[in-house]
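Visitor: What follows is the residue order along each chain.
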Amino acid sequence: MSFQLFTKRLALAAAGFGLTPLFASAAEAAATVNKGDTTWMLIATCMVVLMTIPGLALFYGGLVRAKNVLSVLMQVLTVFSVVSILWVIYGYSVAFSGNASAALNPFFGGLGKLMLAGVTPASEIGTFSKETNIPELAFVIFQMTFACITPALIIGAFAERMKFSAVLLFMVLWFTFAYLPMAHMVWFWAGPDAYTLSADNLPLISSLVGADKAKQLLDALAAATTDDAKAAVLGEYGSLVNAANGYLFNLGALDFAGGTVVHINAGVAGLVCALFLGKRVGYGRDPITPHNLTFVLAGVGLLLFGWYGFNAGSSLEANGLTALIILNSTLAAAAAALAWTGGEWIFRGHPSLLGGASGAVAGLVAITPACGFVGPGAAILIGIAAGFICLWAVVVLKAKLGYDDALDVFGVHGIGGILGALLTGVFVNPALGGTGVTDYLAAGTSVATAAYSFSGQMYAQIMAVIVAIVWTAAVSVIALMICKAVTGLRVREQEEREGLDLVDHGERAYN
Amino acid sequence: MKFIIAVIKPFKLEEVREALGAIGIQGITVTEVRGHGRQRGHTEFYRGAEYTVSFVPKVKLELAVDEHMADKVIEAIQTTGQTGQIGDGKIFVLPLEQAVRIRTGESGTAAL
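Top line first, the protein sequences correspond to chains A and B.
Taking the working numbering, the leading residue of the first sequence gets 9, the next gets one more, and so forth.
Taking the working numbering, the leading residue of the second sequence gets 60, the next gets one more, and so forth.
No wet-lab data here; the hints were simulated from the structure.
As the structure is a prediction and not an experimental result, all values here were calculated from the model.
Heads up, the beta-carbon is just placed ideally off N, CA and C, and yes, glycines get one too.
Treat each hint with caution, since some may be false.
With a cut-off of at most 25 Å between alpha-carbon atoms, the simulated DMTMM-like pairs for lysine to aspartate or glutamate come out as follows [stated by the list, open to error]:
no. : chain 1 : residue 1 : chain 2 : residue 2
1   : A       : Lys75     : B       : Glu103
2   : A       : Lys221    : A       : Glu244
3   : A       : Lys75     : B       : Asp147
4   : A       : Lys287    : B       : Glu103
5   : B       : Lys68     : B       : Glu156
6   : A       : Lys221    : A       : Asp235
7   : B       : Lys71     : B       : Glu91
8   : B       : Lys149    : B       : Glu121
9   : A       : Lys223    : A       : Asp447
10  : A       : Lys75     : A       : Glu515
11  : A       : Lys75     : A       : Asp447
12  : B       : Lys61     : B       : Glu103
13  : A       : Lys221    : A       : Asp236
14  : A       : Lys75     : B       : Glu121
15  : B       : Lys61     : B       : Glu77
16  : B       : Lys131    : B       : Glu77
17  : A       : Lys408    : B       : Glu91
18  : A       : Lys287    : B       : Glu109
19  : A       : Lys408    : B       : Glu109
20  : B       : Lys119    : B       : Asp147
21  : A       : Lys221    : A       : Glu139
Simulated restraints on C-beta separations [what the hints assert, rightly or not]:
no. : chain 1 : residue 1 : chain 2 : residue 2 : range
22  : B       : Glu74     : A       : Arg356    : 42 to 48 Å
23  : B       : Gly96     : A       : Leu176    : 46 to 52 Å
24  : B       : Gln144    : A       : Leu409    : 37 to 43 Å
25  : B       : Gln157    : A       : Gly286    : 29 to 35 Å
26  : A       : Ala74     : B       : Glu165    : 54 to 60 Å
27  : B       : Gly167    : A       : Tyr291    : 14 to 20 Å
28  : B       : Gln157    : A       : Thr86     : 57 to 63 Å
29  : A       : Arg516    : B       : Glu74     : 33 to 39 Å
30  : A       : Glu501    : B       : Gly96     : 32 to 38 Å
31  : A       : Thr86     : B       : Ile64     : 48 to 54 Å
32  : B       : Gly96     : A       : His513    : 38 to 44 Å
33  : B       : Glu165    : A       : Arg500    : 53 to 59 Å
34  : A       : Asn519    : B       : Glu74     : 47 to 53 Å
35  : B       : Ser113    : A       : Ala331    : 51 to 57 Å
All chains should be built: construct the whole structure from the sequences, respecting the hints.
Guide: Below, the structure written as structure tokens:
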């Protein structure tokens, strides 16, 4: 993901410092917006909205008992509504703008884009190719849909027992202090064009490191005669640009579409919620069965369709890589659906629809961080691994640890996300059919594939997983303690028996 | 008059109804019910959770018949409702004190 509106920032700087407008337009001529990329981003955004409403809502709604289906649908709808508004007010700014404080910048963005200040229909932002931009507003809305679905995923963990008021308060706190920093840490970077150290790119370079430093670096590059000397200048420039990036991005952690930011983040928060709230009344004694598995498959179908927007939209462009991502996503979902049902067939005697649907979601979760970095063969292997391991997590691990994660947010999103993050580090290797990691740092607009190092890449992936787990767990615990003090967490036992539809919302789904 | 209650397998309902029609039974009440006898339900799996469903879906028939029809009705249900497998159900026969046709006020066997 990329996002710094350099040309925009430059135009503002030019206005502020009295530079000539010509100076700014020179940079704008370099990077162009094309309607193909823009169209794809707008469509992908709409597809991700469909993932949440009604995709996730139906998936979760079908899995709960008939007396709680509306509460789940209502929670998904309301979280979507609240977060989309918070996203515009401060979310985008905190996730995707630079922070003036060098100490905070690796973790939190600044407040410079509150209410999307300075973002107009003419604003642009970089993609993953040099000299290729998309409208910044397209990026704002695409990322908004990610911010909306991620907290909504957590609903599955505390379904059927948490108070509606507590759900809303928790979501606002979690979105602000867990989602936004994770998005900033993983995805906030200067963009591909920032790594071009060339006189043609002077305006952008100056905006990043200052005019004097820019001139000094360009002079040093011109004076360098050996490759080593050039590399040293480029390296110095690269580290100056990196200073503005998110913490995990700079570690080299790869997360194409949100394995850490979305799935580990939400999955671990779900586990904390399940542990903190305790089990549903009658858990393990009364039959607590999905009330409509037809809804579940309809929801998974919409999730799959929307996931193409989610994963393939994350390339920010419409090209061959985008097609590869759709292929990888399909293969992983299919392989995981087969692996999960195959596992059930072998160990339990029946291949179930719920197993197939859960497997498809697990495969999509696991391929999310990997989708733009691996080849189709790796996508199948990642899917198979996700199907078996997530099945193990929800059947064996959950039973052993004894928590009531109602709809298996941790087992599917947490475990699947961790698995995907780690396997991304393995299969990005070009020797295994992966794309390798692009090195944008160059004196021209050329890019190279960085040498693959298993230990180096796995270190970055493992660090990203650990940071995500610790950060989201800590924020979740604190947010739940605040909710407990302010609103209380659970409905009363008698109300839980009656069902949240009547108690919280005063209506029934089926009359 | 006799009141006959039979609990049978749901997929046997049409066969039983045809057999009862063939011996001249005109009125029958059918209810979808759940329960168990010696057949102890089945097991369902939902991800990690395993539930034993003790109550099996059945169909309950209720008929009010004249004394002389009772044995024929019992025989018809017993033969057509049978699969030979556990869970075929039961037939209960009770004495019936009175029957009234609401439309006309007729009572006794005339109301059947």
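Visitor: If you check the beta carbons of A:Asn519 and B:Glu74, does the distance land in 47 to 53 Å?
Guide: violated (35 Å)
Visitor: Holds or violated: A:Lys287 and B:Glu109, Cα atoms, limit 25 Å.
Guide: holds (17 Å)
Visitor: Holds or violated: are the alpha carbons of A:Lys75 and B:Glu121 at most 25 Å from each other?
Guide: Not satisfied, since the Cα-Cα distance of roughly 32 Å exceeds 25 Å.
Visitor: Please check whether B:Gln144 and A:Leu409 have a Cβ separation lying inside 37 to 43 Å.
Guide: Hint holds: Cβ distance 41 Å, inside 37 to 43 Å.
Visitor: B:Glu74 and A:Arg356, beta-carbon distance inside 42 to 48 Å?
Guide: Hint violated: Cβ distance 34 Å, outside 42 to 48 Å.
Visitor: Take the C-alpha atoms of B:Lys131 and B:Glu77, compute the straight-line distance between them, and say whether it is at most 25 Å.
Guide: Holds: B:Lys131 and B:Glu77 sit about 14 Å apart, inside 25 Å.
Visitor: Within 25 Å, alpha carbon to alpha carbon, are A:Lys223 and A:Asp447?
Guide: holds (23 Å)
Visitor: Please work out if B:Lys71 and B:Glu91 have their alpha carbons no farther apart than 25 Å.
Guide: holds (13 Å)
Visitor: Would the pair A:Lys75 and B:Glu103 pass a check requiring their Cα atoms to be no farther apart than 25 Å?
Guide: holds (20 Å)
Visitor: Please test the hint of 38 to 44 Å on the beta carbon pair from B:Gly96 and A:His513.
Guide: Because 41 Å falls inside the window, the suggested range holds.
Visitor: At the C-beta level, are A:Thr86 and B:Ile64 separated by a distance inside 48 to 54 Å?
Guide: holds (50 Å)
Visitor: Do the alpha carbons of A:Lys221 and A:Glu139 lie within 25 Å of each other, as the hint requires?
Guide: It holds: about 23 Å lies between the C-alpha atoms, which stays within 25 Å.
Comparing the model with each earlier hint shows violations of hints 3, 5, 11, 12, 14, 17, 22, 25, 26, 27, 34; every other hint is respected.
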